[in-house]
Structure formats: C-alpha cells, structure tokens
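Using the hints, position chain B against chain A.
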Amino acid sequence: MSTEEHHHHDESYAELRTKALESLLVEKGLIASNAIDDVVRTYEQDIGPMNGAKVVVKAWTDPEYKKRLLEEGTSAIEEVGFTGAQGAQIVVLENTDDIHNMVVCTLCSCYPWPVLGLPPSWYKSEAYRSRAVVEPRAVLKDFGLELDPAVNVRVWDSNSEIRYMVLPQRPSGTDGMTEEELIEIVGRDSMIGVAIVESPTIV
Amino acid sequence: MNGIHDMGGMHGFGEVTHEENEPVFHESWEGRVMGIRRSLVKHGIFEPYNFRFTVESLSPSEYLNSSYYERHLRATENGAIAKGFITREEMDERMEFFRQNPDALPERREDPKESEQIQKITFMLEPLHRDTGATPGFNIGDVVRARNINPQGHTRLPRYIRGKTGIVVKYYGNHDFPDIDMNGNKSEPQPIYSVQFDAEELWGASAEKNQLLFIDMWEGYIEPA
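Chains as they are written, first to last, in our numbering: chain A, 1 to 203; chain B, 1 to 225.
For reference, chain A alone in the conformation it holds in the complex (with noise of 0.2 Å):
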C-alpha cells in the first residue's frame, strides 16, 4: 500500500537496540520500566485527536468560546482540560470559505501534543515536510482534497515552540447533531489542515 518506506531497517534491529538501551538504563537505576509503561499507555489513550475535536466542537456551538480560542489559543484549550508537552503555546487558525490553513514543520515534527496525540506518519514524512511549503494544492490533492483557485492558502511552518492547530469549518446539515455526534465527525486531518470536515449527509 504505502511506497515510503518507513522502516528502512530489519524491525527487528531497533527493537534489539531498544531493548539494549532500556535495559542498562534500568540497571543502572536511571528509568523506572513503570514510568515508561505510563508514557505510552498516555499516548495511547489519553492523548489524541479526540481532544482537538472536543475544542472545535465547542468552538462551533459556543461563539464566546471561539472568540477566546482565536485570541488566547492557549488558556481557551486549557479550558476544557488539555495542557502538556509540545503544547506550551498554541495557536489555532480559523478555516474560512475565503482561506485554508495548513500546518507543517519542515524542520522535525512539531505538532500539538495535548490536542491532537503524537503525529501521524505521513506528518512526519519527507514528503510532506518538503512539499507542503512549496506545492501546498498539490499535497493536498494527495489527501484528496481539492480547494477553489479563489482559496487563499496558508501554510504554517511550525518552526518554534508555538504549536500550531486549525479550526475547521462546520459543515452544512449538522445544525441538528448533539455535541457528542459533532466531535464523532472532527477527524484529525482537518485539524492539520490537509482534509475539511465532510458533512455527514455527503458520506
């Protein structure tokens, strides 16, 4: 399926290294294996993209809400209980009809953590990271999305230590979902900036 390869190694020989690693450090009283098991049971499920779409939710059905998170990224995410690593400063960027956010970082990885999880591969790929500056429409036919020549596009290089998250629009059809429906509907990718949020009744 996928032409990148990701994993250019034998899987193996990174998880014999990592093994190795964790091994002597435990033994030399430097890490707890506890520790370590609750850093990824975190990531796995308690950090991810579900928090993101709590905040856009709230944003589309509470207007002085979304007046703070376009001002105040930061305090408005911490609001609703999201703070953490890689989440020290976050803007967030309003999709329009007029303009489309994207959100790269050329340089590594950046992403913010504490609303959407750990990046997802395609993100951190080379592809993405040096493409999405230069040929941003194109990148974004890759996802399948194609925007109107009219669209203003902004890419966001997430060069510092401000992180960087898009608010999509609410599609059309929704006004009668609860909350809960609406967050069930927020994917991840639209929060990137590389996929909108498709109204229901289209799926």
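Take these hints with a grain of salt, some might be off.
Mimicking EDC-like on lysine to aspartate or glutamate, the simulated pairs with C-alpha atoms at most 16 Å apart in a straight line are [said to hold, decoys possible]:
1) Lys28(A) to Asp111(B)
2) Lys58(A) to Glu179(A)
3) Lys141(A) to Glu15(B)
4) Lys120(B) to Asp37(A)
5) Lys28(A) to Glu15(B)
6) Lys164(B) to Asp198(B)
7) Lys170(B) to Asp142(B)
8) Lys58(A) to Glu180(A)
9) Lys164(B) to Glu223(B)
10) Lys209(B) to Glu135(A)
11) Lys120(B) to Asp46(A)
12) Lys113(B) to Glu179(A)
13) Lys170(B) to Glu219(B)
14) Lys186(B) to Asp176(B)
15) Lys124(A) to Glu19(B)
16) Lys170(B) to Asp98(A)
17) Lys28(A) to Glu107(B)
18) Lys83(B) to Glu47(B)
19) Lys42(B) to Glu114(B)
20) Lys209(B) to Asp98(A)
21) Lys124(A) to Glu116(B)
22) Lys141(A) to Glu223(B)
23) Lys66(A) to Glu78(A)
24) Lys54(A) to Asp38(A)
25) Lys58(A) to Glu71(A)
26) Lys58(A) to Glu184(A)
27) Lys54(A) to Glu179(A)
28) Lys170(B) to Glu71(A)
29) Lys42(B) to Glu116(B)
30) Lys120(B) to Asp38(A)
31) Lys54(A) to Glu180(A)
32) Lys113(B) to Asp38(A)
33) Lys28(A) to Asp142(B)
34) Lys124(A) to Glu15(B)
35) Lys209(B) to Asp148(A)
36) Lys209(B) to Glu146(A)
37) Lys28(A) to Glu110(B)
Over 10 Å on every C-beta distance to chain A, these chain B residues come out as not near it, computed from the model [claimed, not checked]:
38) Pro136
39) Glu201
40) Glu208
If you are wondering where the hints come from, they were derived from the structure by calculation, not from laboratory data. Every value quoted in this text rests on a predicted model; they were computed, and no experiment measured them. Where is the CB? At the ideal position from N, CA and C, for every residue including glycine.
Below, chain B alone, put in the same frame as chain A:
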C-alpha cells in the same frame, strides 16, 4: 546547521501517503523509545545541546534511512553515551545478549514516584514567554528580511527563508533563543514574531498561486528590509 533535516522545498520525496486507522505506535519498541527519552530529560541527557540537534547530527544517510523513532532511538543512545551514562561497549554486549536470547526482556525497576514526576511533565503547562523586559524592535506591518546565516550549530531558521522578505504580522512574546553556538556562547531570550511571506517571494515562478507562508522568527533572524 545546513543539514538533511532542513527539507522545506526539496524535491524527490514522492507522494504523501496516508495510512488509514494508523496506530499511535506501530511497534512496541517505538513507545519504549518515547518513554525512555522523556525519562532521561531530568538527567540532562541532551545538554549542553538539545534533542533536535542530536537528531540533526546523525549522518544524512542514516537520517534518511531511519524512521522517526529510529532517529529518536539513535539520538537517545548517542546522548546517553556522550553523557557517560552508558558506553558503546556495554550497548554492543547487551545487544549481543538479546540477540542470543530473543525471548529475554529488560529487567524491571518499579518506581511509582518517578512515574508521577514523568506524568507531570506530560501534562505540565510551561509558558514560553520570558519576562526579560526586552521590548520588541519590530512593529506589526514592518517589512523585514530574513538574515542569510549559515551556522554550523542548531538553528530554527530554515534555508528556504534566508534572504527572503516578508511582513511582521504578530508579536508572540520573548522566547528562549534556540540556536546553538558551537563556541559555547549563550543568547538571551528574544522577541519572536509571526512573519508572512508571499509564496512567489520564496519560490519565484514555481510558486502556486494565492499562497502565503507564515513562520516564527526570533528577532535575531530578521533585519529591516
């Protein structure tokens, strides 16, 4: 450093491929690497440099031949060796042990207090603004040029921005300056701005139409244009 990690605008990496229902970690060792790295921060593993510079310092061929977590693994291992926490010989021996005993697992050390400390880091909100009293030297709307710097140490000013002209659109506060001076000179925190560039300024005739690029510029990265 002008390294392989500085990829903005490069060609040849192909299409962006998208994996449906991607797991957080594809292999369990990836999660272990993440946890080990976070656990070692309090031991100052990447000082006096930083984690990103340690990753960037992998050779270009190793960088490109490694996945994200493989890079992190090698950087963490190299950092632990540079700090004297472990030696290369110990790593080689221990790898040989696990090669010969594929069912063996690292021994465990349980420390609830340590986990609590690490979880605190995971959820901590640590503001970036440094109250140094420094006042911003640029105003919103100022036309600025990114400096043409080519330092051997770490920098967050990518090549494709250097020498290009843009407009200051926002002042974010004063942040620690990330560049690493290889002579060991330290920098004070600096005002940091969002600067807007026209795609045509960056890419000339190759630019797509109707595109802007925004990037964060510490004051030392820009000069009046």
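| said: When the structure is checked against the list of hints, which entries are broken? Sort them ascending. | reply: When the structure is compared with the hints, numbers 5, 12, 16, 21, 22, 24, 33, 40 turn out to be violated.
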